[in-house]
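2 protein chains.
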Amino acid sequence: MTDADRFAGGAGRSRPPGLPALLSSDRLGALPTPSLILDEARMLRNIDRLRARLAPHGVVLRPHLKTAKSVEVARRVLADGTGPATVSTLKEAEVFAAAGVRDILYAVGIAPQKLDRVLALRAAGCDLSVILDSREQAEAVAAAARRADDPIPVLIEIDSDGHRGGLRPEDPALIGIGRLLYAGGAALRGVVTHAGESYGVAGEAAHAAFAERERAAAVAAAEALRAAGLPCPVVSVGSTPTAHAARDLTGVTEVRAGVYVFFDLVMAGIGVCSTDDIALSVLATVIGHQRERGWILVDAGWMALSRDRGTANQAVDQGYGLACDVEGRVIGDLILAAANQEHGILALRPGSTGLLPDLPVGTRLRILPNHACATAAQFDGYAVLRADGAAPLAQWSRFGGW
Amino acid sequence: MTDADRFAGGAGRSRPPGLPALLSSDRLGALPTPSLILDEARMLRNIDRLRARLAPHGVVLRPHLKTAKSVEVARRVLADGTGPATVSTLKEAEVFAAAGVRDILYAVGIAPQKLDRVLALRAAGCDLSVILDSREQAEAVAAAARRADDPIPVLIEIDSDGHRGGLRPEDPALIGIGRLLYAGGAALRGVVTHAGESYGVAGEAAHAAFAERERAAAVAAAEALRAAGLPCPVVSVGSTPTAHAARDLTGVTEVRAGVYVFFDLVMAGIGVCSTDDIALSVLATVIGHQRERGWILVDAGWMALSRDRGTANQAVDQGYGLACDVEGRVIGDLILAAANQEHGILALRPGSTGLLPDLPVGTRLRILPNHACATAAQFDGYAVLRADGAAPLAQWSRFGGW
Chain S
1 MTDADRFAGG
11 AGRSRPPGLP
21 ALLSSDRLGA
31 LPTPSLILDE
41 ARMLRNIDRL
51 RARLAPHGVV
61 LRPHLKTAKS
71 VEVARRVLAD
81 GTGPATVSTL
91 KEAEVFAAAG
101 VRDILYAVGI
111 APQKLDRVLA
121 LRAAGCDLSV
131 ILDSREQAEA
141 VAAAARRADD
151 PIPVLIEIDS
161 DGHRGGLRPE
171 DPALIGIGRL
181 LYAGGAALRG
191 VVTHAGESYG
201 VAGEAAHAAF
211 AERERAAAVA
221 AAEALRAAGL
231 PCPVVSVGST
241 PTAHAARDLT
251 GVTEVRAGVY
261 VFFDLVMAGI
271 GVCSTDDIAL
281 SVLATVIGHQ
291 RERGWILVDA
301 GWMALSRDRG
311 TANQAVDQGY
321 GLACDVEGRV
331 IGDLILAAAN
341 QEHGILALRP
351 GSTGLLPDLP
361 VGTRLRILPN
371 HACATAAQFD
381 GYAVLRADGA
391 APLAQWSRFG
401 GW
Chain W
1 MTDADRFAGG
11 AGRSRPPGLP
21 ALLSSDRLGA
31 LPTPSLILDE
41 ARMLRNIDRL
51 RARLAPHGVV
61 LRPHLKTAKS
71 VEVARRVLAD
81 GTGPATVSTL
91 KEAEVFAAAG
101 VRDILYAVGI
111 APQKLDRVLA
121 LRAAGCDLSV
131 ILDSREQAEA
141 VAAAARRADD
151 PIPVLIEIDS
161 DGHRGGLRPE
171 DPALIGIGRL
181 LYAGGAALRG
191 VVTHAGESYG
201 VAGEAAHAAF
211 AERERAAAVA
221 AAEALRAAGL
231 PCPVVSVGST
241 PTAHAARDLT
251 GVTEVRAGVY
261 VFFDLVMAGI
271 GVCSTDDIAL
281 SVLATVIGHQ
291 RERGWILVDA
301 GWMALSRDRG
311 TANQAVDQGY
321 GLACDVEGRV
331 IGDLILAAAN
341 QEHGILALRP
351 GSTGLLPDLP
361 VGTRLRILPN
371 HACATAAQFD
381 GYAVLRADGA
391 APLAQWSRFG
401 GW
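Respectively, the protein sequence lines represent chains S and W.
Under full-length UniProt numbering, residues 1 to 402 are what the first sequence spells out, in order.
Under full-length UniProt numbering, residues 1 to 402 are what the second sequence spells out, in order.
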């Protein structure tokens, strides 16, 4: 059986019992480069880790599907495949609803022009909720809810760290917006916050402090709404760093996280995972050398890795990605130091005392990404190293757009 | 006729004579956000400008199609729609060959594993040429050429500015590789260079200096090959900055350029165009405010604009993009100062003495991108404001992948 046969075999065939799993180098041999590789065993381990961590807290986990944008991944991330889930675009909501997800939070402030699509999804049986932080939005949602005779569920966005949108919990506008929704025909479902600033600090203690800021802000807002006689059944918090570090979730009903499913170098750099947990990599081929400059050129540039430089301000700058051999083992200090559209330049990290490895033209490598959401978005599918070690790679499609 | 009707009308219908062109705000009204807007009139002006500039030099223009990745754009960029053209991936070569382009240069160093696809395209009637800069690659290409009995045309990559790959023209390996190809069964078509460093300097004089470095290096390499008794019919140079500034092209046979078709803020920042020449923008909607911080939130983050921060080191840092009103007129110093996946934060450029404009929730804006290649790659199509001012937008698809 050739590599091409193995690949063409697609998903479904399992490894015969008793046979050893093939090496990744054999399983990836027939893929064109660059390709996006997903290590399913690592992904399943990451999924299990957060489930196990949150179980004792008695909260609902509402995974964010914006990283993977894949129905196959969603089936493995969601508890029973139907939700609850979080999305960042209405396109995601539409694709996942069509695939059977029934409880979706669209977690970007609603624009009035998007309410027709929200209503259509709800009319088709998906419990889609929206978020907002202004009277203008609340009036538009309430008007749409009355027009359609559908009490669109709304969570008010709370600002817990100054990162982007949301009301501070003590802002009197909170109660005004809550009343406007409640009286206006929408359903006031709760409050939602996200400590995006937690990505900028390292270590579990620092993430736990941001988790407490999320909890404190969301619970304070919920209590203010309830004190005003308004309903607030849902108190939703989360980010990948805070979800893995939160010590006390009293008053919280659900936790959101997204990138934990794949992890990436940014998350490794702040201590949420190790590089061995990163499930996503870009398969690349060596296409040249500039030996006197210490450069190895590969056919994966920023079109494959994305322009994300999320580790630039971390303790260890990984350039555009960290090189591994084709089995997924990190190669010393070899990073994608520079990237043009379809060219990547591998070089030793500045200050490294290592030796540049000898990688002839045609050598295949795997490059770990800074930011899984951004790198995955450059591809329309995953070549999946199956967790059971089966020889054929699975091909899982992913989608983009809005 | 509603906006939706106009949009659904698609391409083909022209504006009745005598009627004024509709405002962009009317023509863009029904689009979802974010959407990628292409101003065809600006694009045609950019295409004409470079054609007119190069005509007196008597060189062939071989446009790079990696920016647009669109058959509709290629038809307008290529002289007669069949070539010559440059591409950055074999996927581009395959799509454009299927659309009738017959002369294509694949301008990324060839990996041996890709030669089967090269041969298949050539067997289907496309004159596809490849580039390389090592004996290992030359041996692989010659072997493939002999195996298929097809003299694959090769250009040897020359390094004119230390930017990435290529041989210095005085490198003795140049002649060795030339002989290996010539004797080995491939066709030695010529030399190719690209002064990528020209993007890092501003002003026509600086670009003209890089154009002369391209010319001098490529012509020297061609003369070295010819002096060794080897053929070198093609001497190919170019980048958007150097193509617009070259003063002397003696000895050069063809010029390549790509991003000039759309232009972008990086090109405006180094003086190759003005912001009024930029044909590409991202339509976005205001979704919120943090007034005390001077922030306006929009529904276009880095997933729409890309993570490209190409203006970060220029004299004027444009953040993730420069805001225009929906007609395409720049709004003072308003830039996309920060970007999350689906959130953009508009703010005044640091140091601006302007006033933050009052843009209520629901307001539509257009954001000019730093880097057209990177931003266009985030979308699967262009909503085209037709040059003839016709009301219906055209929808031109684009592709990604490898």
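Derived by calculation from the structure, the hints in this document are not laboratory data.
Careful: at least some of the hints might be erroneous.
A few chain S residues that don't get close to chain W, going by computed Cβ distances all over 12 angstroms [to be verified]:
1) 35
2) 51
3) 81
4) 122
5) 132
6) 147
7) 167
8) 204
9) 220
10) 228
11) 251
12) 333
The list that follows gives simulated cross-link-like pairs (lysine to aspartate or glutamate, EDC-like), each with its CA atoms no further than 20 angstroms apart [what the hints assert, rightly or not]:
13) 91(S) <-> 72(S)
14) 91(S) <-> 103(W)
15) 91(S) <-> 127(S)
16) 91(W) <-> 103(W)
17) 91(W) <-> 380(S)
18) 91(W) <-> 327(W)
Only a predicted model underlies this, so the values are computations on that prediction, with no experimental measurement involved.
Ideal Cβ placement from N, Cα and C applies to all residues, glycine included.
Hint check results:
no. : hint             : result
1   : 35               : violated (8 angstroms)
2   : 51               : holds (24 angstroms)
3   : 81               : holds (24 angstroms)
4   : 122              : holds (18 angstroms)
5   : 132              : violated (8 angstroms)
6   : 147              : holds (16 angstroms)
7   : 167              : violated (10 angstroms)
8   : 204              : holds (23 angstroms)
9   : 220              : holds (19 angstroms)
10  : 228              : holds (22 angstroms)
11  : 251              : holds (25 angstroms)
12  : 333              : holds (20 angstroms)
13  : 91(S) <-> 72(S)  : holds (16 angstroms)
14  : 91(S) <-> 103(W) : violated (38 angstroms)
15  : 91(S) <-> 127(S) : holds (15 angstroms)
16  : 91(W) <-> 103(W) : holds (15 angstroms)
17  : 91(W) <-> 380(S) : holds (13 angstroms)
18  : 91(W) <-> 327(W) : violated (35 angstroms)
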